[in-house]
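Novice: Chains as they are written, first to last, in the numbering used here: chain W, 21 to 329; chain U, 4 to 499.
A couple of the hints might just be wrong.
Stated by the list, open to error - Think about it this way: if two alpha-carbon atoms lie no more than 25 Å apart in a straight line, the pair counts; the simulated DSS-like pairs of lysine-lysine are: (1) U:Lys130 - W:Lys107; (2) W:Lys100 - U:Lys130; (3) W:Lys46 - U:Lys43; (4) U:Lys432 - U:Lys409.
As the list claims (entries may be wrong) - Which stretches of chain U does chain W cover? Using the computed rule of at least three CB atoms under 8 Å from a CB of chain W, they are: (5) 31–40; (6) 60–66; (7) 129–139; (8) 152–163; (9) 167–177.
FYI, nobody ran anything at the bench for these hints, they're computed from the structure.
Ideal Cβ placement from N, Cα and C applies to all residues, glycine included.
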Amino acid sequence: MKRVIKIASLILALAILLAIDFTAYKQALNINTLIVETSEEKVANTNLEDKEVVYFGVVSRFSPHIIYNGYQPVMDYLNKNTNYNFKLKLSNSYEETAKMLANNEVEVAFLGTFIYVTTRDKYNLKCILKPLNEDGSPFFHSALVATDNSSIKSINDIKGKRLALPSIQAFSGNWLPKYELRRNNLSESDLSSIQHFPYHHMVIRQILSGNFDVGVVKDRVANEFLKKGIRIVQLSDPVPGSPIVAGPNSDPIIIKEITDAFLSIDPKKQKYKEITKNWDIELSYGFLRANYEDYDQLTKLLESGGTEK
Amino acid sequence: MTHIRFFPYSLKAKIMLSIGSLIAILMFGISLYITFHWQKLILHNQLHNTQSITRAFSIPILDAMIYLENDNENYEPQLIAQINDFAEKVENISYIMITNDQDKVIAHNDITQYNHVISDTITAIQKNTTAMVSRIYKHTELDWIMEVSQPLKIAGKSWGNLRIAIDAKPIRKEIFMLFIWMHIFTIIVISISLSIIYYMIGRMTNSLNELVKNIDKIDVDTEEFQDKEVGNDEIGYLTHHFKSLEKRLSQSHQQLLNAQSQVFRAEKLASIGRLASGVAHEINNPLNGIRNCIYSIKQEPDNKELHDEYFDLINEGVNHMENVVKKLLGFSRHSQPNITSVNLNNTIETVLHLLAYQMDKKGIDIQKNLNPNLPEIPADNSLIQEIIMNLLLNSYDALGNNGLIKITTDITQDDVLICVEDNGTGIPKELQQDIFDPFYTTKDPGEGTGLGLSVSLGIVEAHGGKMELFSNPGDNTKFTVTLPIKGSHENTTDRR
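Bound-form chain U, shown alone (with noise of 0.2 Å):
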C-alpha cells in the first residue's frame, strides 16, 4: 500500500523549501544589490546633470560678474533677468544664488533673500577648495533638494559662488519606483524558478511514487517481478536495483522457508522421540496381551470356543496399536499442506490420547472443558496438532508429579479459543517477553529444543490467530491460543 506523506513533511516540500530559500535569498540579495547600484546611477546622473547645468550656466554668469566688475552696471539687470529666465525655464529649480566672497547673496531669484549672508555646510567647505562642491540633503523649507555650488573664479581670481539648487523629491520618488519594481521583478522570478522546481520535482517523485507502488506489489512468494519501463534517469537505476533486490529477497525468503520447514521438522521429530516411551507402552500391552491369548491358544488347541474369545482378544489388541501407529504417523506425517475441516475438541482428544501415558506416569491430572457446540475452523490439523502438543508438553514439563492440567475450548463471536493451564511454577515476569523468541528455553539442555513455542505462535499466525500467555509466577501458567472461525490460510501453505 502506497502512504503518500503530508505535504509538508513530503521530499517535495522540502526540496521546494530549501530550494526556494536559497533562490528567494539569492534574489533578495540580487535585487538589493541591483537597487543600490541603480540607485548609485540614479544619483550620480543626476548630479551629474545638475553639475553640468551649473558648470554652463556659470559661464554667463562668470561674464556678467566681469562687466560687472568692471564698472559697467549695464549688467546688473541682465544678471537678474538671466537668473530669473533660467529658474523659469528649467525645470524643478528650487533656487539659483550668486553670493560674493564674504558669502552674501548678491543675486537670487527670489528676491527676499538678496544680503543674507549664507553660512552652511558647503560655504565651511568652499573656503577650503577651488572645486565644485555638490551635495543632497533635506532643507529645512524647501524638502529634499540637490544644490551645487560653482566657485565663480578665474585662476586665483575670485568673484564668490553660483549654487543652482534643484527639487530632489522626483529623484526619490523614482528610487522608490525602483525598489518598488525590484521587488516585483524578484516575486516573479522567483514565483517562475518554484514553478518549475515543482514540476521537475513533481516528475521525479512520480517516478519515486511508481516505484512505491511497485514495492507495494512484491511478492517474493510467487517470483513474479514487476517488468515495467524504466527511465534512463537516476529513478531509473534506481528501479534497475529494486528489481535486483526484489529478485534476492525472493531467494532469500525460499532459502528462510526452507530453514523453518527444517526446523519444523527437527522440533517434531523432538516431540515425536518424547512420545516414544508412551508408545511404546501403548504397543507393549496389547502385545503381551496377544502373547498370553497365543500362549493360551497353544495350550488348548482344541477349545474352538476360547479360540474365538482369544482371536478376538487378539484383534482387539491389533485394532489398539493399529490405531496407536496410525495417531503417531498422523503427527509425524510430513504431508502437504492440507487445509481441512477441523475439530479442535477431536485434535485435542488425539493429542491426549498420545501423551496419556507420560500424563499417567507423573499423576498428572488432565482436567478437560471441552465446548461441545464448537464450530469447525477450516486449518491444517496437523499443525493444530502440533501446537496443542507443544503447549501440552511445556504443562508437563512445567509440573511435579500430581500437578493439574485444565484444557478449555470455548467459542467467541468470530473466533475459537484454547486453553492450556497448569498449576506449576509460573513464568517469572522478566522472562515472559522472550519466551517466544526461537531458541529460548528454560529447560535443560537436551531437554528442549526451544522453538515449541515460537513455532507454535508461526502457526497460529499463519492461521490468522494469535497466541497469549498469562502467568501469575509462582502459581500457574496459562497460554490462550484465538483461531478465527472462518480461517486465514493465506501463508499456512507454506509453514512446512
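Bound-form chain W, shown alone (with noise of 0.2 Å):
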C-alpha cells in the first residue's frame, strides 16, 4: 500500500511538472502584446473646428520638418490665445511666401529679413513684430563656420576654401559674398567655389561631411552645433531681427490679435518659458512691435554694397 502511495505520488509529481512545463509553453509562445508609450502631450482639446482658418506663412529656410517643430507649437499658442485656426503655409521659396502676403493667400507670415527689405516696397508689406534674441536685443547675426579641426581661424583665411550658402534669399546667403568679402578687401574669386544651398540646416551638413571648408549660417542654427563639431570664425554685425509681417490686405482684427497675443510673451516668467520651450529658438525670447524704419539701416547696407556699416 505504502508503496502503491509513493509511486502514485511520483507520478502525480511528475504530472504536475508536465502540466505546468506545458502552461509554461503556451504562455511563452502567447506573445500578446500592447504596449502605449507614455507622453507628455496631451490630446488637443481646442475645439477649432468652429474657428476661421488664418494661414500663417514661413519662408523656407529650414526643412519642412524643422520647421513644423519650431513653428507649429507658435500656432498652437496663438489657436489658444486667439478667435482664429492658424495653420501654417510653407512655400518653396522665400520669396513665394512673400508672394502669398501679397496675393492674401496668407495673412501674416515668418519672412526673413533680407527678403523684407528686398521685397517690401515691392509686395506694399508690412512688418509688425520683430523677434528678440537672447539679450532681449532685436537683433540677429549671421555666422561663418568651420568644423572644429579646420585651419580657418579668421574670415582672411578662407582663400581658395569652398564656400557653402544657404538661400540666396536670406540675408545669411548674402552677407559674405556681396558685403563682408569686400570690407576685408576679398572677392568671391578668391574662393575655390561658392554653392547656395535650400535651407541653413543644410550648409552644416555639407562641412561635416567634408564637402564644404566654410559656410555661413544664422548664429541661431551655428549655435545648434556647436559642441557637436562647428565652430564659429565671425560673426556679422547685428541685424535686425526676421519680423512677421502682413499683407497689404491682411485683416487688422487678425493682425491685432496677434499682435497682442505675442507681446504678451513675457520671456522672464516661467509661464511663457514653459509655453515656448518648444518653439524655435529665434522666437523664444518675446518680441517687439516692428517699424518700417526699423529696417532701414540694412536697405542702406543693401543700397552701398556693403560699404556702409
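Relying on the hints, combine the two individually framed chains into one complex.
Specialist: If you want it as C-alpha cells, here you go:
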C-alpha cells in the first residue's frame, strides 16, 4: 500500500511538472502584447473646427519638418489665445511667401530680414513684430562657420576654400559674398567655389561631411551645432531680427489679435518659458513691435554694397 | 554477511531521488525563469527595433505629408514610392499604411486597401493619446504580426498615423527554439549534477558497505578486532566509534558468559541439593550392610569362611557407594568443556540411577523406550546429563504419587531424539510461551530457580539442536530434544 502511494505520488508529481511545463510552453508562445508609450503631450482639446482658418506663412529657411517642429507650437499658442485657427503655410522659396502675403493667400508670415527688406516696397508688406534674441535685443547675426578641426581662424583664411551658403534670398546667403568679402579686401574669385543650398541646416551638413570648408548660417543654427563639430569663425554685425509681416490686405483684427498674443509673452516669466520651450529658438525670447524704419539701416547697407555699416 | 538492499530502497537511491528531485525542480524553475526573461527581452528588442524603424521612417513620410498639404501634389507619387521601396527592402514587412485623421487609408503598400476606414484597437487607443502604440497579436489573415502605430504629428498639428506591421512568426519560432534549448540545457545540467552526486554517494556508501562487512566479521569471542585504516571523514569517525563499540561489546559478552556460567553452576547446585536425599539413601543402605557385616565379623572372629563372605559384601557395598559418589561427582563437577562421543541411552541410565530413590519414594513409574541403535553423538556428556536431569525433575515435580514418566530415544535421518513425557497436569496454553524464559517458574518459592528449562534450552541450542514443548493442559506434558548426529559445537564450549 505504502509503495502504491509512493508510486502514485511520483506519477502525480510528474503530471504536475508536465502540466506546468505545458502551461509555460503555451504562455511563452503567447506573445500577445500591447504597449502604449507614455507621452507628455496631451491630445489637443481645443475645438478648432468652429474657428476661422487663418494661414500663417513661413519662409523656407529650414526643411518642412524642422519648420513644423519650431513653428507649429507657435500656432498652437495662437490657436489657444486668439479666436482663429492658424495653420502654417510653407513655400518653396523665400519670395513665394512674400507673394503669398501680397496675394492674401496668407494673412501673416514669418519672413526673413533680407527678403522683407528687398520686397517690402514691391509687395507693400508691413512688418508688425520683430523677435528678440537671448540678450533681449531685436537682432540676429550671420555666422561664418567651419569644422572644429579646420585651419580657418579668420575670414582672411578662406582664400581658396569652398564656401557653402543658404538661400540667396536669405541675409546669410548674401552677407559674406556681397558685403563682408569686400570689407576684407576679398572677392568671390578668391574662393575655390561657392554654392547655395535651400536650408541653413543643409549648409552645416555639407561642412560636416567635408564637401565644403566654410559656410554661413544664422547664428541660431550655428549655436545649435556648437560642440557637435562646428565652430564659429566670425559673426556679422547685428541685423534686425526676421520680422512677422502682414500683407497689404491682411485683416487688422487678426493682426491685432496676433500682435497682442505675441506681445503678452514675457520670456522672463516661468509660465511663458514653459509655453515657448518647444518654439523655434529664434522666437522664444519674446517680440517687439516692428516699424518700417527699423530695417532702413539694412536697406542702406544693401544699397551701398557693403561699404556702409 | 552483508545484505545489499534492493536499489529503490537503498540509501543511494533515496539520496539520489531527493537531491535529484530538488535539483530538477530548481533547474526547472530557473529554466522557466530564464525562458520568460529571455522571451521578454526578445519581444522588447523586436518591438524596439520595429518602433525605431517606424519612428525613423515617419520623418520622410511626415515631410511628404507636409508638402502634400501645401498643395504640392508632386509628392504623392514620391510618398507611394517611399512606402513600396521600404516594404520591399525591409525584411518581414507585412504591411505599411498611412491613415489620415479620420482613420482612412491614404497610402498602403497594397493598393486594394486604399480608402478603407480602419477601426481596431490601435485606432481606438490612438484617439486618446499622441504617443506611439505597439502591439503583437494574431491577425485573422496575416497570422502573428507586430504592429507599430506612429502618429504623424508635430505639436498640435496632426496628419494621421503611420502604421508598420512586421511578421511576428519568426519571433515565435525563436522563442520556441529558446524553450527547447533551455529544456535541453536543463536536462544536461540535471544529468551532470546527478552523475556527480551518484559518484559522491557511491564513494560514501562504499565506505558504509566496508563498515557493514567489518560488522559482519565481528567475533566477540576472540577479542580480535579489525584494525583497518579509517578515513578522516564522517564515515571514518563512525568506523572509529564502531571499533570502540566492538571492544565494549566483547567485554560485555565476556561478562555475560561469566554470569551465565554462574547461573549454570547455581542451577546445578540446586539439582545436587535435590539429589541429596537419594544419595544419602544410596549410601546409607550399603553403610548399614557394612556395619552389620563388621558386627557379625566381630561376633565370630574365627569364622574365616564367614569373614570372606562378609568381606565380599563389604567390598560390594563400598563399590556401590563409590559408584554413587562417582556419578554424583560426574554430575556436579565444574569441568572444562569436554566434547566426546556420547551414548545418550547410557547418559539417561546414569541420570535415572541418580534419581531412582526419589522416583521410588513417590511411586513414579519410569517407562523407558530407548532405541538400542542410537548412534553416539559429539557432545558434552555433563551438559547432556544436566538437560535430562532438568526434564526428569520437572516431570517429577509435576506428578503426584504413582505417576508415570515415559522416556524415549529415537533416531531420524540427521538427528537423535530424546522425549520425556509425564501424565501430570499439563501446562496451560497461556503459560507455554513463557516456559523457557529465565527465572520463570510455577513452583512454590524455594522449590525452583526458574532457570532449569532456560539453561537446558541454551545447552540444546549450543549443541545445534532444538527443544520443543507439547502439552495438553490437564492431561500430559512432553518435552522433545532434538540433537544433530554430526554435532554443532562451535559455541558449546562457552556455555559453562
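Novice: For each hint, tell me whether it holds in the structure or not.
Specialist: Evaluation of the provided hints:
Annotation: proposed proximity of lysine 130 of chain U to lysine 107 of chain W holds, straight-line Cα distance about 21 Å (limit 25 Å). For the hint pairing lysine 100 of chain W with lysine 130 of chain U, the CA-to-CA distance comes to about 20 Å; that is within 25 Å, so the pair holds. As the CA atoms of lysine 46 of chain W and lysine 43 of chain U are separated by approximately 15 Å, the hinted pair is consistent with the 25 Å bound. Only pairs whose Cα atoms come within 25 Å are accepted, and lysine 432 of chain U paired with lysine 409 of chain U is accepted, the gap being roughly 22 Å.
Only residues whose C-beta sits within less than 8 Å of a C-beta in chain W count toward coverage, and the region 31–40 of chain U has 4 of them, enough to reach three; the restraint holds. Requiring three or more residues with a Cβ within less than 8 Å of a Cβ of chain W, the coverage given for the region 60–66 of chain U holds, as 3 such residues are present. Beta-carbon proximity to chain W at under 8 Å applies to 10 residues in the region 129–139 of chain U; the threshold of 3 is reached and the given coverage holds. Counting residues of the region 152–163 of chain U whose C-beta lies closer than 8 Å to any C-beta of chain W gives 4; at least three are required, and the coverage claim holds.
With 3 residues having a Cβ less than 8 Å from any Cβ of chain W, the region 167–177 of chain U passes the three-residue criterion, so the hint holds.
Hint violations for this structure: none, all hints satisfied.
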